[in-house]
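*Asks:* These are the residues of each chain, in order.
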Amino acid sequence: MKFIKIDKESWAKGLERLDDSFRLFGPVKQDKFHNFKELDKGELPDLSLLNTRLSPKSVVYPQSEVMFEYTLDENKEDHHILKEIDKDYSPRAVIGIRPCDAKAFLVVKPNFDAPEYKDPYWIKSYEATTFVGYACDTPCSTCFCTPAGCGPFHEEGLDLLLVDTNDHYLIKVITEKGENFLSAAGWGAEVDADAASDQIETMRHTAEAKITSRVSTDELKDKNITDLFEASFWEEAAFACINCGTCTYACPTCWCFDIQDETYGYYGIRMRNWDSCMYPLFTLHGSGHNPRDTKIQRVRQRFMHKLKYYVDKYENGIQCVGCGRCIRLCPVNIDIRRVCELMNSYGG
Amino acid sequence: MSAYIDKIKEISNRLLKESKVDMVIGFRKGTVPMMNEPCFAKTPQDVDNFVWDSNCGINLANYLTNREEKIGIIAKGCDSRNIVTHIIENKIKRDRLVIIGVPCKAMIDRHKIETMFETEIQDVIEADDKIIVKGDGFEKTLNKSDVLQENCAICIHRNPVKHDEVVGDPVEEQKDVDRYEDVRKIEAMPPEEKWRYFDDLISACIRCYACRNACPLCYCHTCFVDESRPQWVGKSQDPIDTRTFHFLRAYHCSGRCTDCGACERACPMGIKVRRFTKKLEKDCLDLFGWEAGMTLEERPPLDTYRSDDPDEFIK
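Chains A and B, in that order, are what the protein sequence lines are.
For the first sequence, counting from 1, position 331 maps to 331 in my numbering; every step adds exactly one.
For the second sequence, counting from 1, position 236 maps to 236 in my numbering; every step adds exactly one.
These aren't lab readings, by the way, just hints derived from the structure by calculation.
Wrong hints could be hidden among the right ones.
Subject to a maximum C-alpha distance of 25 angstroms in a straight line, what follows is the list of computed BS3-like cross-link-like pairs (lysine-lysine) [what the hints assert, rightly or not]:
#1 A/Lys109 / A/Lys87
#2 B/Lys112 / A/Lys32
#3 B/Lys7 / B/Lys162
#4 A/Lys29 / B/Lys272
#5 B/Lys17 / B/Lys93
#6 B/Lys29 / A/Lys295
#7 B/Lys162 / B/Lys91
#8 B/Lys105 / B/Lys272
#9 B/Lys140 / A/Lys29
#10 B/Lys175 / B/Lys162
#11 B/Lys140 / A/Lys210
#12 B/Lys185 / A/Lys32
#13 B/Lys134 / A/Lys32
#14 A/Lys32 / B/Lys272
Using the sequences and the accompanying hints, generate a full structural model.
*Replies:* And the structure:
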């Protein structure tokens, strides 16, 4: 395993060099909070953050994404034919992504990149991206990454792990993609692997000890799916929900989208936009029938999908990395930790 | 304010025991600082979970829409005005409700307090008119009056306008409040500056519709943004569509909005959505002398016609 030390002065210089070969994305404080955005030339990622307000899933999977264009002008030879839009799949890097958010890409991968179905936009974006993780030494009280099968120094889904030791950064090289990114930046001060590894381990233990949220997920797999579906607690658990899309839009592991055509005169585009299972429209059939017409059904769907259907279908743990955004942002304080406990302990 | 809770529990218990209601709608303690969760109590044991403090900013009238049970509902001044509006608009029947009035001592602004600290707030404690904010290695005492929700700071109807039970003596209403300073500033802007102002205001919007869904007025079975035949509004992040949503929603609330602040409190991006609804609220006051939700006896100005309605805007 290889470890690199970067002085904070050479950090900015390296990022400047990377500008030529990568589109760089990083956290930037806009007004009141941090969010990921594409960095302007010379702009540095602001790493003085707990985590971003929204997850970085939009770097790979934007909220609105145009897929095709078409013309309705019958004088044109190719009228009424969908044509794929040129997109920029040149190398990009997300700098300062928290380990929970990086793991989230692996949680959604079985949906976008399945043996029988491939989502070309997600796959090409994902493969073009280098994930430079930023180890988390100040987890929030709403974080539950460790019980969710992840952690503040977790490496799954990362190409590099950046650790802030106060006077310099240590970088742990995890993949070849990460190695290439390092050489493009020109950072190469290799340090003694054993010492660096020990230092990071100590920091990891300290950070993990700060995560105090306890959420049990061990029983979910063995619960009977229809028992949980019909459980009596849903009425109480769903009562406060106002069915907005905040939890699903803020979530790094929510993947649903809707496809829309928009036409301007003769010109049209076909695009996809994030959708949310919280919305009644999400399941409304053309016939007018809606199989999830009530709030309770929709709230149940969200939690059952994340904590039961996903668990059973993919055998990849829960569809949640414990980032805590839905807890912090829910306007009415619906707390996934509480619902998870209700599900995990249901029926004794 | 915490003295109210004993009375809330006593009344709720009595109503449930005497089968006057099937459920009481109130708040239980939240799992994060400055948040409480709306909940219902169907048994005296459930009532034990009820809390009351300065974090009960959600408008509970939102939980009444089209319900048919007999319901006890805890209502601040603004909630009570939205209950009146709900009754007028036939979204709930007066005789199905027992309104438990709470003379309101104002709610605190969680967004404002969060942005005052660089690091995470782990606990917020209330003591009289002080708010004590705690986090890892810090503790700071704030004056509650400095961190009120903006709508609460300018509220002139803190006492419930209709109630069947009440949990305390009326509070003194604020006098000489300038409710529309911010609106006048925007009104004075030239059109281009106004556009820029509104575009900046909603630039962070993610179209999650938390503002709409937290609002007791927004009960349409299918909102205009969700209509598909015809489709009035696009669904992408196009600024024109986002703008259309916010402008039209505000217009739909005119003459109905009580400035309860639920929309602003709900917004995950901290957008000041009341800047839109307040303008319409001001117009209704200026043109019709109307404040929403104050009486069951009169129809709101936008669903009636009177020959002396102002018409100077018709040229």
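*Asks:* Identify every previously stated hint that the structure contradicts and give their numbers, smallest first.
*Replies:* Hints that this structure does not satisfy do not exist here, as all of them hold.
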